[in-house]
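Engineer: Take the sequences, apply the hints, and build the full model.
If you read the sequences in order, they're chains A and B. Going by the numbering used here, the residue at position 237 of the first sequence is 237; the numbering climbs one at a time, nothing skipped. Going by the numbering used here, the residue at position 404 of the second sequence is 1404; the numbering climbs one at a time, nothing skipped.
Heads up, some of the hints might be wrong.
[To be verified] Covered stretches of chain B (in silico footprint by chain A; criterion: 3 or more residues with CB under 8 Å from a CB of chain A, positions within the stretch not fixed):
(1) 1041 to 1054
(2) 1115 to 1126
(3) 1182 to 1190
(4) 1227 to 1241
(5) 1425 to 1436
(6) 1469 to 1475
[Stated by the list, open to error] Using 30 Å as the maximum straight-line C-alpha spacing, the simulated DSS-like pairs for lysine-lysine come out as follows:
(7) 466(A) with 1284(B)
(8) 1234(B) with 466(A)
(9) 115(A) with 1122(B)
(10) 1138(B) with 1113(B)
(11) 272(A) with 221(A)
(12) 1323(B) with 334(A)
(13) 1151(B) with 272(A)
(14) 1282(B) with 466(A)
(15) 1234(B) with 136(A)
(16) 1138(B) with 115(A)
(17) 115(A) with 1151(B)
(18) 115(A) with 1113(B)
(19) 1323(B) with 466(A)
(20) 272(A) with 1138(B)
These are computed hints drawn from the structure, not numbers from a lab. Keep in mind it's a predicted model, so treat the numbers as computed, not measured. For each residue, glycine too, the CB sits at the ideal point set by N, CA and C.
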Amino acid sequence: MKSPAKSRKASSEKKARAAELLPERELRRIVATVLRLARSIGAEETEIHVDEVADNLTRFANNAIHQNVAEQGLTVSIRTVVDGRTARATTNRIEEDSLRATIEASLSLAHSQPKDPRVLPMPAKHRYPRVNRFVKQTAALTAEERARAVRLACDLAIKKGQVAAGIFASGQSQSAIGNSRGLFAAYRETHAEFSITMQQDPAASWAKANSADVRAFEPQKLAARASEKAHLAVNARELPPGRYTVILEPAAVLDLVGFLFYDFAATALEDKRSCLNDRMGTPLFGKNITITDDAYHPLQQGAPFDGEGLPRQRVLLVDRGIPKNLVYSRAAAKAARKSPTGHGFALPNEYGEAPMNLVFTGGDSSLEKMIASTDRGLLVTRLWYIREVDPYEKVMTGMTRDGLFLVENGRVTTAVRNFRFNQSLIEMLQNVELLGPAVRATGEEAFEMVVPAMKVHNFHFSEVTKF
Amino acid sequence: MWTWLLLALDAAHLRGASYSDARLMHLRQRDLTTKNGQVGTLSQSDSIGIGIRALANGAWGFASTDRLTKEGVAACAAQAVSIAKASALAKRSEVVMAPEQSYIDSWQSPFRKDPFEIPLEKQLSLLLGADDAMRRVKGVTLTETDMQFRKIDSWFASSIGSRIHQRKVISGCGIAATSFQGEEIQKRSYPNSFGGQHTLQGYELIESLDLLRNAPIIAEEAAALHSASQCPEKTGTLILGGSQLGLQIHESIGHPIELDRVLGQEANFAGTSFLTLDQLNKLKYASSIVNVVADARLDHGPGLGTFAYDDEGVPAQCTDIIKDGQFRGYLSNRETAHLVGLNRSSGTMRTESWNRLPIIRMTNVSLLPGAWDFDNLIADTPDGILMETNRSWSIDDRRYQFQFSTEIGWEIKGGKKVRMLKNPSYSGITTEFWNSCDAICKLDHWNLWGTPNCGKGQPMQTMGTGHGASPARFRNVRIGTAFSNQ
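Structural biologist: As structure tokens, then:
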């Protein structure tokens, strides 16, 4: 049998410049090698995570590329169990000596602690629903192709008298998990992202898209949208702080509701740090709010298994405003006498689990319809620097950014200076008047989710800034 | 290690690079946490790889790999040059770098006790002891503790001849008690929130913190906050404790002075800065008692921004940022220095790891001590609020308008701390706030706080920065806004 290191070296020699992930058989070989070594060293149980990335990111500002990077790396993370104790050690070297040293480090860490009654036997084999999120056109995208697309976006900015900044990223990654009870799962995906800020002094606006398939968005269209909104954003008017009706574009919705995800962890409730403590099963949000965690939704990404190798399940979290269900790791499920849902983080950890593939049920109101239905309100492109002020009322603070517009009598009339908000998410989700179709949204504060645009009344802006 | 680096530089040169540098880094990390008396995370990691930066056709490329073979390193260097040539397809001008000497040196951050040599049982025992002391307090519903240790070896080589090895040992530790009662979650942390204190030290940092004495104090405060009065909403006098002031410096001085932000290079993500180039040496940033430096030298202290050379091979320096209230300097690198009339980088290029491009970063951006004794400062304040330990932080993308809340507040009346306040917050405009500073405590109260989690760049990099601060007083500050009208 070839050592994993040799196989990898041969692979890199064959096609040195291309981003090329190891084939699944090599991941299986790494797992098998670790299991063999761990048995010989005395681990009672062993779990291995193998993660590999090959990412590229072209960054531009001032209408030119200023940073342009490529990254390749692989890690092997090993969890051992011995005498009711568990710990993890991770390396990025895959020759046998390094793997052995990492197993020994894991065992040494495990031995150092008191016995933990919560440590469970590792799970056995499972079947996983198939998902296909690897797009060869994304994997094959070159630095030259990204540079040409960036050049076109920058040319548009120059033509419009604007200044462009942003990124065009593409890459591929894979994860495998295996354990000494025969469990093995592997997943690979591609990812592409284009984000652009168009600056027209003193204003700016922004557009961004993210997908497994680079063909799912057109950088030039995003550039054109940001350019048009930047032009509209100049001559911003200052309005007084207060409560306004807001039309939140999907990115703004995402970056707010993204802060809710950990509240649905059973461990968070057990720890009494969730805003859902004492609120499960009772109406909390508006009846138009339904939230599911669904790793298999066509607009979602991510592996169909969790950090212990359990298949991710679809979980209805909120049904027409009522928090119905939580997600459970194996340990949390045992403590609560529930079934695990396939949302556990890699062990050991103190956070338990979380839903990572939130999907909000959308509606049929387009942004245009929301604007047309608004006598006076604000259209919000994007939010920024959002932080939690009150964990139980879920009050969040943050700023509007890159395009805030006044809507009067059903149309956008002027740009507005940016506001700070202090807003309870619970209250906000009680005040949703209209929902747009749910889309794969991407922002900067939360990981990507499937959310709609929302029209919300009584949104609280507390202060105004200088631009 | 040098073999791989020289191979990388040679390969980049052969492929057409006019300049290149490479960092081979070995990062070791250990994380320990407890929660409610049980061990939470117990893990360590080990990562080694090389990152190669190449200038070709007047533009930059960067590639990284963990394939430390002759073929892997050569391919990585070739890729860096190839990417640089692609960058040149969308360039507007040639990259110009400020001159710098070459250095051959080796440096290690000083530490007394290697944390990786301290028995894990001892480390866990301390954390579990602190955890236990907090759980004994009635009303506490969640207890958390953590320790983190890192040992980072970095070998840097550049095509101008530098060969620099640096080893840094970093330690961090914190504890927190949370209390959920009624419809309120209150929390107290020690010695700071969000992971505690982090410095460029060994295990001696942990031993200096006296966790077991402080654990019951913060636990009792967490429980007592429920019955404390709500922080009022008003405009008034604010005194900030050292760790909160450290974060205030980070957000409202440290980030705005990053020259890459000022020049628009972060416009799409981290944002820009109100400190446009015309403000240098003209803006009255703060009151005349305010002096701020960016100091990466060991003389400043064992901060997370302390090193001997930055990741561009430029020696650590001390730069005046605010001198007697006047804005005096930016954080620059070799590429941007000339844009502010400097003939040399201020030495602030830093990278998180071998797989990340060095970017302009804060070093230790510190408020220099003033003249006040803390007790005298309180006694000199007829009506004010003392706020301690950060709870939330937010600032706009040009760094004008900010809002912070802290875990605990204390009402000051007639020169005395009279009662505890819950949910304290304050907000303001950066320059108005700093110009309202009328008292800064002296060196006895000054501490070099570590911020281990500063995110910037794309792909995202997390960096540790240092912020020296002693408690200080500010006038006419807007207080209590975060919790108003809710």
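Engineer: Hint by hint, note whether the structure agrees.
Structural biologist: We went through each hint and held it up to the structure:
no., hint, result
1, 1041 to 1054, "holds (count 9)"
2, 1115 to 1126, "holds (count 4)"
3, 1182 to 1190, "holds (count 3)"
4, 1227 to 1241, "violated (count 0)"
5, 1425 to 1436, "holds (count 3)"
6, 1469 to 1475, "violated (count 0)"
7, 466(A) with 1284(B), "holds (17 Å)"
8, 1234(B) with 466(A), "holds (21 Å)"
9, 115(A) with 1122(B), "holds (16 Å)"
10, 1138(B) with 1113(B), "violated (36 Å)"
11, 272(A) with 221(A), "violated (46 Å)"
12, 1323(B) with 334(A), "violated (60 Å)"
13, 1151(B) with 272(A), "violated (35 Å)"
14, 1282(B) with 466(A), "holds (19 Å)"
15, 1234(B) with 136(A), "violated (59 Å)"
16, 1138(B) with 115(A), "holds (26 Å)"
17, 115(A) with 1151(B), "holds (28 Å)"
18, 115(A) with 1113(B), "holds (28 Å)"
19, 1323(B) with 466(A), "holds (25 Å)"
20, 272(A) with 1138(B), "holds (15 Å)"
Checked against the numbered hints given earlier, the structure breaks hints 4, 6, 10, 11, 12, 13 and 15 and satisfies all the rest.
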